[in-house]
Amino acid sequence: DVKVTQSSRYLVKRTGEKVFLECVQDMDHENMFWYRQDPGLGLRLIYFSYDVKMKEKGDIPEGYSVSREKKERFSLILESASTNQTSMYLCASSLRGAPADTGELFFGEGSRLTVL
Amino acid sequence: ILNVEQSPQSLHVQEGDSTNFTCSFPSSNFYALHWYRWETAKSPEALFVMTLNGDEKKKGRISATLNTKEGYSYLYIKGSQPEDSATYLCAFMGYNNNDMRFGAGTRLTVKP
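For the protein sequence lines, the chains are A and B, in the order given. Numbering of the first sequence is given in the numbering used here, commencing with residue 154 and proceeding in unit increments. Numbering of the second sequence is given in the numbering used here, commencing with residue 34 and proceeding in unit increments.
Just chain B, same shape as in the assembly (with noise of 0.2 angstroms):
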């Protein structure tokens, strides 16, 4: 079973704070990286599916960044907001899976 790894668990900030979370994932056998956001009493919806090495996407406030040779990837918000309360999910599709493998997230509260 692929280990991936998310960093921290948990992790609670001021309103206006920028903050960062990480997402491991083995480096051999990649074809895509997964970004979910998941608000709680609502649906994992996807924020960012990265599959290029160096790629990095940008939402709004919200950008990753994906280094498949190093097996990393990290989510970054600028000025957080109460609304980015949530949980962050990150997952690993490889080349020959037909699903994917997901972190335990990271668990963000945003204080106003």
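Chain A extracted, bound-state conformation (with noise of 0.2 angstroms):
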């Protein structure tokens, strides 16, 4: 069964702290996303990566870095949490970007972030 695994359901951290959140897919996706999610609003792209150590800014990547050191595996990292980030962070791979396929994403179970 293919999986995206997410380290953390739930976190609470307190504002200024670093926060790392992990993300694994084994099912040797090219791609990889990270969005969050908050009341009323669509998911948001906050970075995305098509290759080991690529990088590339999503919609709203202010306040977030990212690591891809493996194909596997790519990490969220806040550098100084702040209470505008509690959110829902989801995390999601791809087989390959367009136009070269349909881009079906497929998803982790979502991390909970509180920042107090």
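Derived from the structure by calculation, the hints contain no laboratory data. Mixed in with the good hints there might be a few duds.
[As the list claims (entries may be wrong)] Just a few of them, taken from the derived set where beta-carbon distance is under 10 angstroms, the chain A residues facing chain B:
| id | residue |
| --- | --- |
| 1 | V157 |
| 2 | V165 |
| 3 | G169 |
| 4 | Y188 |
| 5 | P192 |
| 6 | G195 |
| 7 | R197 |
| 8 | D212 |
| 9 | P214 |
| 10 | G216 |
| 11 | Y217 |
| 12 | L243 |
| 13 | T255 |
Cβ coordinates follow ideal geometry from the N, Cα and C atoms, glycine included.
Join these two chains into a complex; the hints should help.
Given below as structure tokens:
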């Protein structure tokens, strides 16, 4: 069964802390994505990566960074957490990007982060 | 930023009712339209990936249609069951983009 695994389902952090959200996929997908989901808003893309050591900014990259040292792992880093980063974070992977593929996303179960 | 709109935002129906929701998206630069179902405490899962204008897809009691010229897709659920309760997300994929733009979702609650 294909799987995208996020390291933590629930985290509570304090303002100013450094936060790592880890994501691992076992499907040998090239593409990996980090989204955040907030009530009333669609999933918003933070960062994505098409290959090892490659990263691209999404729509809302401010306050975040990412790391992709291995193909199967994509980490989201909050250098100094703030209360407005309280959210549900979803990792996803896909086989290839448009136009070569339909780009179906496979998601993890999400990490709900609360920053106090 | 491309706008993907879903309506209604939420929907409450009785078991056995049929229902439908709408996703509207930019009609230019279209490559694919995705529908995902996101149940509470689970991962979003793809229902349909649609690429052709006029396409209709079906999975059990759930079906979807696509109109790329006018920029909308409908998702239909026939005879809703409590296990259909979930948030349904649509996502537009543009030809020149390698990411997707999601709507805010329709939250469906089916009461027994």
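A quick look at each hint next to the structure:
| no. | hint | in the structure |
| --- | --- | --- |
| 1 | V157 | holds (7 angstroms) |
| 2 | V165 | violated (18 angstroms) |
| 3 | G169 | violated (30 angstroms) |
| 4 | Y188 | holds (8 angstroms) |
| 5 | P192 | holds (9 angstroms) |
| 6 | G195 | holds (4 angstroms) |
| 7 | R197 | holds (8 angstroms) |
| 8 | D212 | holds (6 angstroms) |
| 9 | P214 | violated (12 angstroms) |
| 10 | G216 | violated (18 angstroms) |
| 11 | Y217 | violated (15 angstroms) |
| 12 | L243 | holds (7 angstroms) |
| 13 | T255 | holds (5 angstroms) |
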